[in-house]
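Asks: Mind the numbering: the sequence shown is residues 277 to 795 in this note's numbering, read in order.
Possibly wrong hints are sitting among the right ones.
No more than 30 Å apart at the CA atoms, straight line, and that leaves these computed lysine-lysine pairs for DSSO-like [what the hints assert, rightly or not]: (1) K310 - K720; (2) K484 - K285; (3) K564 - K610; (4) K285 - K557; (5) K496 - K285; (6) K579 - K491; (7) K720 - K699; (8) K610 - K313; (9) K581 - K634; (10) K557 - K491; (11) K472 - K491; (12) K579 - K610; (13) K496 - K412; (14) K491 - K638; (15) K473 - K412; (16) K334 - K313; (17) K655 - K285.
Just so you know, the hints here were simulated from the structure itself, not pulled from any lab data.
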Amino acid sequence: MRISYNWLKDYIDLTESPDEIARLLTHSGLEVEKVEKYESIKGGLEGIVIGKVLTCEKHPNADRLRKTTVDVGSEKPLEIVCGAPNVAAGQTVVVATIGAVMYPAEGESFSIQKSKIRGEVSEGMICAEDELGMGKSHDGIIVLTDEIKPGTSAQEYFEIEVDYIFEIGLTPNRADAASHLGVARDLRALLNRNLKKVDLKNFQPGFKASGITVKVENTKGCPRYTGLSITNVTIAESPEWLKTRLRSIGLNPINNIVDATNYVMHSLGQPLHAFDQDEIKGNTIIVKNLPANTEFVTLDGVKRKLLDQDLMICNTSEPMCLAGVFGGLDSGVKNNTRHIFLESAYFNPETVRTSSMKHGLKTDSSFRFERGTDPNMPKVALRKAAALIVEIAGGEISSDILDSNTEAFPPFRIETTHQRICKLIGKEIPADRILEIISLLDIKLAFRNGDLLVLDIPPFRVDVKREADLVEEILRIYGYDNIELSDRLSSEFLSEFPAKDSDHIHHLIDQTLIAKGFQ
277 MRISYNWLKD YIDLTESPDE IARLLTHSGL EVEKVEKYES IKGGLEGIVI
327 GKVLTCEKHP NADRLRKTTV DVGSEKPLEI VCGAPNVAAG QTVVVATIGA
377 VMYPAEGESF SIQKSKIRGE VSEGMICAED ELGMGKSHDG IIVLTDEIKP
427 GTSAQEYFEI EVDYIFEIGL TPNRADAASH LGVARDLRAL LNRNLKKVDL
477 KNFQPGFKAS GITVKVENTK GCPRYTGLSI TNVTIAESPE WLKTRLRSIG
527 LNPINNIVDA TNYVMHSLGQ PLHAFDQDEI KGNTIIVKNL PANTEFVTLD
577 GVKRKLLDQD LMICNTSEPM CLAGVFGGLD SGVKNNTRHI FLESAYFNPE
627 TVRTSSMKHG LKTDSSFRFE RGTDPNMPKV ALRKAAALIV EIAGGEISSD
677 ILDSNTEAFP PFRIETTHQR ICKLIGKEIP ADRILEIISL LDIKLAFRNG
727 DLLVLDIPPF RVDVKREADL VEEILRIYGY DNIELSDRLS SEFLSEFPAK
777 DSDHIHHLID QTLIAKGFQ
């Protein structure tokens, strides 16, 4: 799983270096396998500046070349030979200086050297779009219309984003960390720092019915289904900032609607799906199972035969989506889509896992749903995605939110004691420190009576169901390195035996492990 350092800052303030963040995450159980520098344009336009063409005259030895002098903010102008047909005196241009490494759109990288071209000195290169890796056009050099001071960094002018990407080896139990918000939660606990609230201030709901009716027939498979309508959208490319965010974590931008749903999924961990509302026959969405062998064509154009266990999102005539896994060919957003119905739901992990495995479909959505998402997140993510879609695709949120289950999903309760926690960890940790860690993990102290602690585990922590799970959470935030190792084997099992028998058991375990090759 790829997590962006810059993106994390949407949810927590970070002053630590990417390497320090990687160390903290790894030591707490989110193993960072690699930290990779990412630049929105490869090379980050290092050594490339904005220049002003002072003179431009015909090359004495070549009809198609021009001799130019270019002010790049240095002591004297650079002499540059240029072959672009559109170069002219007075232009503001992009200049690669000597030593700059170029990463063109096609072909191998190369560095700029001082050279002679047809007998004339050339001290740099006036750049075209494709030579910078900013596009594929080679029709001529880039000519900027802005008045920019010569010598200004091209990185600064083009607002090149430099980021660091953490490649995290996410274990199956940590579904809560499959998003930037989830990783930020861990950092909040590790750094004892405030977590920023999800920004929903731009969400402006409609106050009329969407015209779509939602019926959930299989509430076990879909305990919660939310959605709303957005009308008069324009399908187009996403803005550069959004495309950069998605590319940084390895996703290809598709269009503004799909990109918005992907962005929110990787931000909050909640998958969403956008339907072309005009394709919802009968203006009704029905969440149900269909008979085995019903045919359904998925978004990849493959005709599949459904299983009776498959949970489907249907209209009154046909299935539209394999719930939590993959959309249908005809019901999704197309270039001419004008009105969308945006879905954000909580699907049963076992249901999604079965469909994903049986059909051989592994998607970013199924990855999250089958591990367990936050049942209280669908409405938050829906608001976030809807506001973003209106911002980048126009239109308006034309309905209130439909919600099949308006009740908050309750926490999971665990009882333990301070003494028990310390015994399992193997170290006496002050009760106040344990309660602080518990609070930083969003675990609520429901009741305390002497040594007894009754704790409410938030629904998004699907991996914390037992006392041992709770102790593991406390320990990983407290720090494994803060627990002194004993030179004796200690366990509740061995404590049942007299000391001499414990030594005998210890010896038997040693011999068994050696016999198995652990030496």
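Asks: None of the hints should be skipped; say for each whether it holds.
Replies: Structure-based check of all given hints:
For the proposed pair K310 and K720, the alpha carbon gap of about 34 Å is over 30 Å, so the pair is violated. Between K484 and K285 the CA atoms are separated by roughly 36 Å; this puts the pair beyond 30 Å, and the hint is violated. At most 30 Å may separate the alpha-carbon atoms for a hinted pair to count; K564 and K610 meet this at roughly 25 Å. Proximity of K285 to K557 is assessed by CA-CA distance (about 42 Å); at most 30 Å being required, the pair is judged violated.
With a C-alpha separation of about 37 Å, the suggested pair K496 and K285 falls outside the 30 Å cut-off, and the hint is violated. As the CA atoms of K579 and K491 are separated by approximately 26 Å, the hinted pair is consistent with the 30 Å bound. About 22 Å separates the Cα atoms of K720 and K699, which keeps this hinted pair within 30 Å; it holds. Restraint check for K610 and K313: not satisfied, since their Cα atoms lie roughly 34 Å apart, outside the 30 Å limit.
Using a Cα cut-off of 30 Å, the hinted pair K581 and K634 holds, with the two alpha carbons roughly 11 Å apart. Restraint check for K557 and K491: satisfied, since their Cα atoms lie roughly 14 Å apart, inside the 30 Å limit. Distance hint between K472 and K491 is unfulfilled; the C-alpha atoms sit about 35 Å from each other, more than 30 Å. Pair hint K579 plus K610 holds up; C-alpha atoms about 20 Å apart against a cutoff of 30 Å.
As the CA atoms of K496 and K412 are separated by approximately 51 Å, the hinted pair breaks the 30 Å bound. For the hint pairing K491 with K638, the CA-to-CA distance comes to about 27 Å; that is within 30 Å, so the pair holds. Among the hinted pairs, K473 with K412 is inconsistent with the structure: their alpha-carbon atoms are about 40 Å apart, more than 30 Å. A threshold of 30 Å between alpha carbons decides the hint, and for K334 with K313 the separation of about 42 Å lies outside it, so the pair is violated.
A threshold of 30 Å between alpha carbons decides the hint, and for K655 with K285 the separation of about 23 Å falls inside it, so the pair holds.
Of the numbered hints stated above, those contradicted by the structure are hints 1, 2, 4, 5, 8, 11, 13, 15, 16, listed in ascending order.
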